[in-house]
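Student: The chain contents come next:
Protein chains: 2
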Amino acid sequence: MLPLHINVTDKKVLIVGGGKIATRRLQTFLNEGATIRVVSPEASKEIEELAETGVIQWEQKEITIEDLNSASIIIAATNHPEINEWIAEKASEHQLVNVVSSAEKGNLTIPKFVTKGRLTFSVSTNGASPLLAKQICEQIGNQFDEEFISELNRMYEERQNKKRNF
Amino acid sequence: MLPLHINVTDKKVLIVGGGKIATRRLQTFLNEGATIRVVSPEASKEIEELAETGVIQWEQKEITIEDLNSASIIIAATNHPEINEWIAEKASEHQLVNVVSSAEKGNLTIPKFVTKGRLTFSVSTNGASPLLAKQICEQIGNQFDEEFISELNRMYEERQNKKRNF
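Taken in sequence, the protein lines are chains V and D.
Here the first sequence stands for residues 1 to 166, where the numbers follow our numbering.
Here the second sequence stands for residues 1 to 166, where the numbers follow our numbering.
Keep in mind that the hints were calculated from the coordinates and are not lab data.
Warning: the hint list may mix true and false statements.
Identical copies look the same in the list; a pair holds intra-copy or inter-copy alike.
Unchecked claim - The calculated SDA-like cross-link candidates involving lysine to any residue, where the alpha carbons are at most 25 Å apart (straight line), are:
#1 Lys134 x Glu82
#2 Lys12 x Ala91
#3 Lys61 x Arg118
#4 Lys20 x Tyr156
#5 Lys20 x Gly54
#6 Lys163 x Gly33
#7 Lys105 x Phe29
#8 Lys162 x Gln60
#9 Lys90 x Ser70
#10 Lys105 x Glu158
#11 Lys116 x Leu132
#12 Lys90 x Thr35
Whole structure, please, built from the sequences with the hints as guidance.
Tutor: So this is what it looks like as structure tokens:
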């Protein structure tokens with residue numbers, strides 16, 4: 001697994017499933033401006049509300065192969081591992097698929113991460129302990145104070161000015 | 001930018017350009033088992049040698065629009081920012097493009113990262129200072145000793161056994 005930072009703004013993200021993990025993943029991508037479609041016979045209250053207000057699209061039905069076509073990123077988060085794995089098998093080679101029931105069946109995992117101003121870092125234990133990854137992430141986050149984050153902003157502005165004057 | 005961990009094994013990666021940065025990016029993806037094609041009139045010695053031994057494919061020519069088609073990931077790393085930006089514009093919506101001359105023109109950046117056993121973490125300052133990102137990454141890496149990494153391995157095995165016995 002290679003850590004990459006991806007701009008998912010306006011990227012089509014398909015969430016299959018409507019439970020807790022599906023909802024958490026949805027929020028991660030929604031926060032980054034992705035265009036989200038949920039396919040699931042049932043869904044959490046959050047998903048229901050987001051769909052009602054038109055922030056996301058929710059199709060209340062079982063997943064079919066046609067649903068997979070247009071998404072750049074697919075989160076296979078149903079309660080049925082065999083359905084999740086079927087999604088990973090049927091996805092095209094350009095698509096990124098996160099299989100929540102068994103990460104190694106997909107080609108995408110979502111690490112724990114912290115964003116503080118311009119600083120972003122991610123931690124993954126590659127399946128050893130998501131809880132520990134979260135704790136490590138928080139601990140590392142605490143090592144960077146407001147002053148450091150402001151300094152990063154200043155460095156960024158300076159670098160942009162240099163580029164413009166080049 | 002959302003930090004995601006992606007399995008690039010056998011993914012088609014197109015490197016446009018053959019200089020220092022192109023070579024460094026190439027090595028990152030090659031280490032992870034990607035299938036690499038370089039398109040560039042000129043290339044570094046490393047690229048030349050890798051192409052000669054058949055580890056990668058190198059087409060000694062200028063980039064054309066047809067070259068972009070089949071890649072899942074494109075690294076636009078020529079010395080000409082306008083060519084790099086043209087690549088980002090012409091890429092399809094499913095493709096991930098890293099524009100080395102101006103990261104914000106692409107939808108993919110490659111953060112500094114460290115892998116120690118099952119632990120992977122990445123650091124990006126989102127354009128403020130790649131050098132500082134590298135230093136932070138090394139500092140954080142030093143906080144985890146061999147014992148911790150072994151413990152992570154043990155936790156992983158335990159978790160896999162639980163899954164199997166479920």
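Student: Each of the hints needs a verdict: does it hold here or not?
Tutor: Here's how the hints hold up against the structure:
In this homomeric assembly, Lys134 and Glu82 never come within 25 Å of each other (Cα to Cα): the closest approach is 28 Å inside a single copy and 41 Å across copies. Taking the shortest alpha-carbon separations for Lys12 and Ala91, both the intra-copy value of 14 Å and the inter-copy value of 16 Å come in at or below 25 Å. Taking the closest pair of Cα atoms, Lys61 and Arg118 never come within 25 Å of each other, the shortest separation being 40 Å inside a single copy and 37 Å across copies. In this assembly of identical chains, the alpha carbons of Lys20 and Tyr156 lie at most 25 Å apart only when taken from different copies (23 Å versus 37 Å within one copy).
Only within a single protomer do Lys20 and Gly54 lie at most 25 Å apart by alpha-carbon distance; the minimum there is 20 Å, versus 47 Å between protomers. For a Cα distance limit of 25 Å, the shortest separation of Lys163 from Gly33 qualifies neither inside one copy, at 27 Å, nor across copies, at 34 Å. In this assembly of identical chains, Lys105 and Phe29 lie within 25 Å of each other by CA distance both inside one copy and across copies; the values are 21 Å within and 20 Å between. Taking the shortest alpha-carbon separations for Lys162 and Gln60, neither the intra-copy value of 52 Å nor the inter-copy value of 33 Å comes in at or below 25 Å.
Both within a single protomer and between protomers do Lys90 and Ser70 lie at most 25 Å apart by alpha-carbon distance, with minima of 13 Å and 18 Å respectively. Taking the shortest Cα distances, Lys105 and Glu158 sit within 25 Å of each other only across copies (19 Å), while inside one copy they are farther apart (44 Å). Taking CA atoms no more than 25 Å apart as the test, Lys116 paired with Leu132 passes in both settings, with 20 Å inside one copy and 15 Å between copies. Taking the shortest Cα distances, Lys90 and Thr35 sit within 25 Å of each other both inside one copy (21 Å) and across copies (21 Å).
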